[in-house]
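2 protein chains.
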Amino acid sequence: MKKLINAPENVVDEALAGMLAAHPGYIRVEEPNIVVRKDAPKAGKVGIISGGGSGHEPMHGGFVGMGMLDAACPGAVFTSPVPDQMLAATKAVDSGAGVLHIVKNYTGDIMNFELAAELARAEGHEVSAVVIADDVAVKDSLYTAGRRGVGGTVLAEKIVGAAAEAGADLATVTALCQKVQDNVRSMGMALTSCTVPSAGKPTFEIADDEMEIGVGIHGEPGRSRMKLATADEITEMLATPILDDLPFERGDNVLAFVNGLGGTPLIELYIVFNKLQQLCAARGVTITRSLVGSYITSLDMAGCSITLLKLDDELTGYWDAPVNTPGLRWGV
Amino acid sequence: MKKLINAPENVVDEALAGMLAAHPGYIRVEEPNIVVRKDAPKAGKVGIISGGGSGHEPMHGGFVGMGMLDAACPGAVFTSPVPDQMLAATKAVDSGAGVLHIVKNYTGDIMNFELAAELARAEGHEVSAVVIADDVAVKDSLYTAGRRGVGGTVLAEKIVGAAAEAGADLATVTALCQKVQDNVRSMGMALTSCTVPSAGKPTFEIADDEMEIGVGIHGEPGRSRMKLATADEITEMLATPILDDLPFERGDNVLAFVNGLGGTPLIELYIVFNKLQQLCAARGVTITRSLVGSYITSLDMAGCSITLLKLDDELTGYWDAPVNTPGLRWGV
Chain P
1 MKKLINAPEN
11 VVDEALAGML
21 AAHPGYIRVE
31 EPNIVVRKDA
41 PKAGKVGIIS
51 GGGSGHEPMH
61 GGFVGMGMLD
71 AACPGAVFTS
81 PVPDQMLAAT
91 KAVDSGAGVL
101 HIVKNYTGDI
111 MNFELAAELA
121 RAEGHEVSAV
131 VIADDVAVKD
141 SLYTAGRRGV
151 GGTVLAEKIV
161 GAAAEAGADL
171 ATVTALCQKV
181 QDNVRSMGMA
191 LTSCTVPSAG
201 KPTFEIADDE
211 MEIGVGIHGE
221 PGRSRMKLAT
231 ADEITEMLAT
241 PILDDLPFER
251 GDNVLAFVNG
261 LGGTPLIELY
271 IVFNKLQQLC
281 AARGVTITRS
291 LVGSYITSLD
301 MAGCSITLLK
311 LDDELTGYWD
321 APVNTPGLRW
331 GV
Chain C
1 MKKLINAPEN
11 VVDEALAGML
21 AAHPGYIRVE
31 EPNIVVRKDA
41 PKAGKVGIIS
51 GGGSGHEPMH
61 GGFVGMGMLD
71 AACPGAVFTS
81 PVPDQMLAAT
91 KAVDSGAGVL
101 HIVKNYTGDI
111 MNFELAAELA
121 RAEGHEVSAV
131 VIADDVAVKD
141 SLYTAGRRGV
151 GGTVLAEKIV
161 GAAAEAGADL
171 ATVTALCQKV
181 QDNVRSMGMA
191 LTSCTVPSAG
201 KPTFEIADDE
211 MEIGVGIHGE
221 PGRSRMKLAT
231 ADEITEMLAT
241 PILDDLPFER
251 GDNVLAFVNG
261 LGGTPLIELY
271 IVFNKLQQLC
281 AARGVTITRS
291 LVGSYITSLD
301 MAGCSITLLK
311 LDDELTGYWD
321 APVNTPGLRW
331 GV
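Chains P and C, in that order, are what the protein sequence lines are. For the first sequence, the working numbering assigns the number 1 to the initial residue and increments by one for each residue that follows. For the second sequence, the working numbering assigns the number 1 to the initial residue and increments by one for each residue that follows.
Derived by calculation from the structure, the hints in this document are not laboratory data. Since we're looking at a predicted model, the values are computed, not measured. Treat the hints with care, as some may be off.
The list treats identical chains as interchangeable, and a pair is accepted whether it falls inside one copy or across any two copies.
[To be verified] Under the rule of at most 20 Å between Cα atoms (straight-line distance), these lysine to aspartate or glutamate pairs were calculated in the EDC-like manner: (1) K201 with E123; (2) K310 with D245; (3) K2 with E233; (4) K310 with D252; (5) K139 with D245; (6) K2 with D232; (7) K2 with E236; (8) K2 with D208; (9) K179 with D84; (10) K2 with E205; (11) K179 with E314; (12) K310 with D13; (13) K139 with D182; (14) K38 with E233; (15) K139 with D244.
Using the sequences plus the hints, can you model the full thing?
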């Protein structure tokens, strides 16, 4: 295992300490391991919380800040955070306007967020939740009933965070988050496995001439193992099921998000984006906003995912709104 | 070779096409393969140009935009751009206020930028140049007489770009770039080799329990090959020569830049940053600005580099100034 780490059991704590050291103007880190927007709670503002296993950086902790998340709950690597974290985060950010939990569709995350929401409600907090389940690759998976929550989560956090920043109430931001979920689709692929520090060896074996299409962000199996193909062929294998699913139709405007899984350099993501743009254009789908980079990762996995979000004026406006977090920053 | 590419010979062209498709509001791409700020030339503004071999993305093309570069000249992968590119870029961005070439210290880059500057001057353009040579690892290298130009280049492009945006004249931005060079030091390390697409195999062999300390951004040999160490030990091996070299002294404020080489995920960079902060604090050096992420890469190499820049009010102010490029964006 070749990693810049000290001891596997300290990876999350030390990375959080590093985040805090690098971004003291954005965040505070509180017990029991939650990342909280430095100025939370903001009077009158709905709190937006997400969380999940670590290893997907910058998601979620790197998206805490103005115009995005009020708090993030990082679990151990690829392990759901515990309800105590979501409860503490909910209490830390609730100004009285209520709190939305954005939950990726994994069984452990769902259970723990639900329990935390019950506990928070028992203490008088108003809590709603939206489940993101945007991965078209598989119907169910090892860790999921229904579709997995992947790249669409990044877009949901940005858009919903902007609405909350603008003063939308809990019912409105909850409906908006559901609207993002209803209009977003994703799929990923792996060239290599990732290696979980505590395991010390790759999650799965894959030959030098093979790839995994439809992989999950924890290295879960996808649709098919096949021989390595070109970037254009791979892009088509990912984009076609996405475009067909919603479906995205002639005349649609979309946000196109080409994401690296942690071990893939930007130069390759731009090659994928180039083909994606051609495939969308051929169907009369126009890319009006883009995001290219590694924003929801799978530790050191080489590979990429594609996410398309159908835009309207409301979603575009919230996407463009100012955001100021360690991981996404513009307009301020 | 596991990469998201089509044909090795098309990597740079397709990546540039993808950049243009993703960021049409920032850049235009012109013959002979130069990336130009969309609204260049800006009346009265000094033009800032850099360039070098491709494979270090987002540097340099991703730094073209408001407050940073006016144009970038991408060569083939790990190959200097040709003088025609620098000449075309110089002519494309010169508003009459002159053009600064920011050149990383590699023999080919130096020769070709010098020739382009001569040709541009012969056509009536005022051109100055500053060489960035910040790598403390080795005195000379395979491709360099003197120190290599590495992470300090990113900081120079941001700071000098801000000064040019604010209206500083050519002599002033040239002196400012030299000031950055005089106050910045870097060193890197590799866990793995990178693979140049046209070669199809790793640039160097390295055992599963080895690392290369002081590696260059093209996989050039560094100071020493040794057994894999912990993140804390590695951080100390990089930070100590940097801190000793300038030297950085008690009471100094610094910008600390922890950079990923392309195949290393952010979670590991934060672990390095955590230790770097402790090492600086122990010497009375205060990190007042930070940058953590993959900004000057070596294709798919796993590893990191550390850069420290001694700050004063002038450099801090230009660092904080608005920037709007695909690769760095804040304040707008």
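Structure-based check of each hint:
Taking the shortest Cα distances, K201 and E123 never come within 20 Å of each other, neither inside one copy (43 Å) nor across copies (60 Å). Only within a single protomer do K310 and D245 lie at most 20 Å apart by alpha-carbon distance; the minimum there is 12 Å, versus 53 Å between protomers. In the homo-oligomer, the alpha carbons of K2 and E233 lie at most 20 Å apart only across protomers (14 Å), although the nearest pairing inside one protomer, at 30 Å, exceeds that limit. Only within a single protomer do K310 and D252 lie at most 20 Å apart by alpha-carbon distance; the minimum there is 7 Å, versus 49 Å between protomers.
In this homomeric assembly, K139 and D245 come within 20 Å of each other (Cα to Cα) only inside a single copy, at 12 Å, whereas the closest approach across copies is 57 Å. Taking the shortest Cα distances, K2 and D232 sit within 20 Å of each other only across copies (14 Å), while inside one copy they are farther apart (30 Å). Taking CA atoms no more than 20 Å apart as the test, K2 paired with E236 passes between copies only; the shortest distance there is 18 Å, against 32 Å inside one copy. Taking CA atoms no more than 20 Å apart as the test, K2 paired with D208 passes in both settings, with 18 Å inside one copy and 7 Å between copies.
Proximity of K179 and D84 under a CA criterion of 20 Å is satisfied in neither setting, with 29 Å inside one chain copy and 50 Å between copies. Within a single copy, K2 and E205 get their C-alpha atoms as close as 16 Å, and across copies as close as 14 Å, so both meet the 20 Å cut-off. In this assembly of identical chains, K179 and E314 lie within 20 Å of each other by CA distance solely inside one copy; the values are 10 Å within and 46 Å between copies. For the identical chains of this complex, K310 and D13 are neighbours neither inside a copy (37 Å) nor across copies (29 Å), given an alpha-carbon limit of 20 Å.
For a Cα distance limit of 20 Å, the shortest separation of K139 from D182 inside one copy, 16 Å, qualifies, whereas the shortest one across copies, 57 Å, does not. In this assembly of identical chains, the alpha carbons of K38 and E233 never lie at most 20 Å apart, being 44 Å within a copy and 31 Å across copies at closest. Within a single copy, K139 and D244 get their C-alpha atoms as close as 15 Å, which meets the 20 Å cut-off; across copies the closest is 57 Å, which misses it.
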